[in-house]
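Q: Using the sequences plus the hints, can you model the full thing?
Residue numbers (this note's numbering), protein chains in the order written: chain G, 106 to 404; chain E, 1340 to 1678; chain Z, 5 to 278.
It is worth saying that the hints were derived from the structure and are not from the lab.
Don't take every hint at face value.
[Claimed, not checked] If you want the footprint, here are the derived chain G segments under chain Z, 3+ residues with CB under 8 Å:
1. 122-135
2. 213-223
3. 241-254
4. 275-286
5. 339-353
6. 359-371
7. 388-397
A virtual CB, placed ideally from N, CA and C, is assigned to each residue, including glycine.
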Amino acid sequence: MTGGARRTLADREGALAWLFMLPSVIYILALVAVPFALAVALAFSDVTVGDPSFDWAGWANFARNFDDPVFWRALGNTFLFTAVSMLLIVVFGKILANILVADFRGKWLIRFLVLLPWTTPVALSAVAWLWLLDSIYSPIDWVLRRIGLIEGNLNWLGEPTLEMVSVIAVHVWRLTPLAAVIVMAGLVAIPREIEEAARMDGAGFWRRMFEVTIPLTLPVIAVAALFGAILTFTDMTVVYVLTRGGATHSSEVLASWAYIRGISGGDVAQGASIALFLFPLLLAAAIAILRAVRRMEVT
Amino acid sequence: MSTVEVRDLVKHYDKVRAVDGVSLRSADGEYLVLLGPSGCGKTTLLRTIAGLEQPTSGQVLIGDQVVNDLPPRARKIAMVFQSYALYPHKTVLANIVFPLKAEGMDKRAREERARWAAGLLGIEHLLDRKPRQLSGGERQRVALARALVRQPRVFLLDEPLSNLDAKLRASARDELKRFQQEIGTTTIYVTHDQTEAMGLGDRIAVLESGTLRQIGRPIEVYDDPADTFVATFIGSPPMNLVPRDGRLVGFRPEHLLPLELGAEDRVTLKLDVDRIEYLSGDRHVYGTATGLGEPTRVIARLPATVLTPIEPGRTYDFSIRGEKLRYFDAATGRRTDPP
Amino acid sequence: MRRLALYAAAVLCALLCAGPFLWSMITMFKLNRDLVDTTHNPFWFDPAPTADHVRYLFTDTAYLTFVWNTLWVGGLVVLITLAFALPAAYALARLERPWAGWMAVTIFMIYLIPPSLLFLSLSRMVVALGLQDSTWSLVLVYPTMTIPVSVWLLMGFLKAIPKDVEEQAMVDGHSRLGAFVRTVIPLAFPGIVAVVVFAFTLTASEFIYALAFVSPTAEKVVSTGVPTELIRGDVFYWQSLQAASVLVAVPIALVFNLFLDRFITGFTMGAVKA
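A: Okay, structure coming up:
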């Protein structure tokens, strides 16, 4: 690389930058941009697993979606799960972060345990919950029976309302640690002097919390909320493993319904048209994240 | 050994003109100091000479050869960064042999050369350490040894003393000078510290806002500043400037002396003293001067040998030797002839 | 008093989060007749525990095949990711191109595109390439998730490396490329390790692609193999399932914890503009 005295490719920053960037760009174009365009195209086609030839079908798939009560159910559930989960994730994430930033012995162990739900592959933790919410042997029911709150069993994964509660609970459980980690990064970034100045000014815990900590970490909390929202909104694993959408599609979400129609049912075009509904909200959330991050840079 | 020259060098970043048309040339083996306040473009100029920045226009010549198209590695230069930029993952020895390894020199020869350089700087006992185990002064020596080992045509030093504490800085400055005299390699040295510049440089180039204000031997820059910027940037306390008829009359604080010490050819003025500081035996007398031009606050520096009693709150007669007066255009700040 | 409350809160959080796993660890050693008796305490053993179900997992199921598939897919994906992401991150963090800003943002946005939006069209592409029902399809597709996030993380780490060191190497006789290989990569090593861990856990956790592209048992990875193969219709191998889940969850969480602080630094530094 020392070679000749002349400027070679290895010296030219401009060319080098492109050369370094290009493989990733091509990979992403080929396997993200192209599939995305294809996903849009498929939504307007009649492609099935049995008949993969591409024929234009116009808005037929969408029309069928709009006539399908399951689609509406899935759409509604997706929004409901996302909104409720997001709210709970942020509240619990903030509380958890406040506990985790404190100094105490055995912090490492606590942190390890707290992070388990997030680091474990979703499909596997959902399996653990499957048994925890079993219709007969659920230990939760066992405890509730012992306390005397219920008799018999709660059908966690069979009764429509409980089914939705279960799905939301698992989402919140799994994403709260992530939110906590994000908020923690923000908490740590608050200069100590500000906290100390507030103390000197005689502000108590709650006033410090609401007048110093929360305003300063608001952008970071927004990022945590939006990450939580995106991950809940687009996820199908929890629903798929826990309920497979439920016998009456009571806990169906867009992603799982797209999978059931597109892969299990083999109607690729129909599935694609369902999945496409994920996109607008996703875009909005992405832009919101970006704005929050920008705000973080200013402060 | 080589000369370094830049011709009409311009470097823009977006809208900032970091270097705005600088031409200068070092003599062979010269110790040339680039002096200026932060943001004056001196570091950009040095980095452009090194090839780390591409000039927007103009030429860089090393040894009378245009090197604009050469990457840094091919310019046969050595650079010492302000941070010393030691490779933190390598031992001192590995740091020193790094440029030789890049040249493809064989292992025996490069170790021999590294030991020679280490010997010259008195750091043989540190060769097996890692940079983080070294003190600031030791790091600086390692950086110098690494610069030296390749026997470059030119040394480029970017504020190499600014990370040392004040005490160490004086002795390091002395060492740096002796070291350069010993090896006689052309050196371009960037600093914002005028003491370093005056002490080290064969010549000093004073830069401000990306332009070259003056280049000359330390005594020239000090005694005959080309403009008011140089006059006030160099010297501590800076040159006094008194407005008079569209001009500024300049004189160094040490030339403003009580009347009875004045010589033949002299100008007198009255000084309303309001404050006196004692610094290393000298007295710095602050006051308002009248009689020379518009009333202006000035500083007089009286050496320890001047025993005239002076008290704040009173007015004294002072004088300046006429030949020590310098005149500047009030509008442009440039040097003008005496009236 | 305050400290006591803090400890109590911390322990409560830990129990809520880790509860299902702790309880899985109990369940995996239970005998069948202990497990399926609603009068028995689900949090203790009666009769004594057995390791039979854990053994069953290794001897009578394809669990080890799943683990092996996850490992080699993860390993290859990590290598591909580094080969693509490291130069890209360097270009964005250091080479000062005018397009670096929006390119970095675009890459971050791509990280947010979920598999659930792309799996159908990707499954068509996988079929077109003849990779359906092969683990190789995952090696091909997973880098689309790992490259963007790794570029973002690595950018953060690279920005933290002093520029001087790299420029020194250039003055000392190396090209830009040479300086990158000889100084930047060794100095970014801790960050690179963090990215390796992050990318690996990301691939190990992925579910939708693995479910949509691969159906033969021998080609499955842990995240799909366990829930689909250990649940056959209505037959659930409960204890083995819990064991399978715990045995994967604990090591991943351990490694992840070691690197947590580095991930946080990486993410926040990526956001700071150069």
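Q: Are the hints correct? Go through all of them and say.
A: These are the hints, each one checked on the structure:
no., hint, in the structure
1, 122-135, "holds (count 10)"
2, 213-223, "holds (count 10)"
3, 241-254, "holds (count 4)"
4, 275-286, "holds (count 4)"
5, 339-353, "holds (count 6)"
6, 359-371, "holds (count 6)"
7, 388-397, "holds (count 4)"
Checked against the numbered hints given earlier, this structure breaks none of them.
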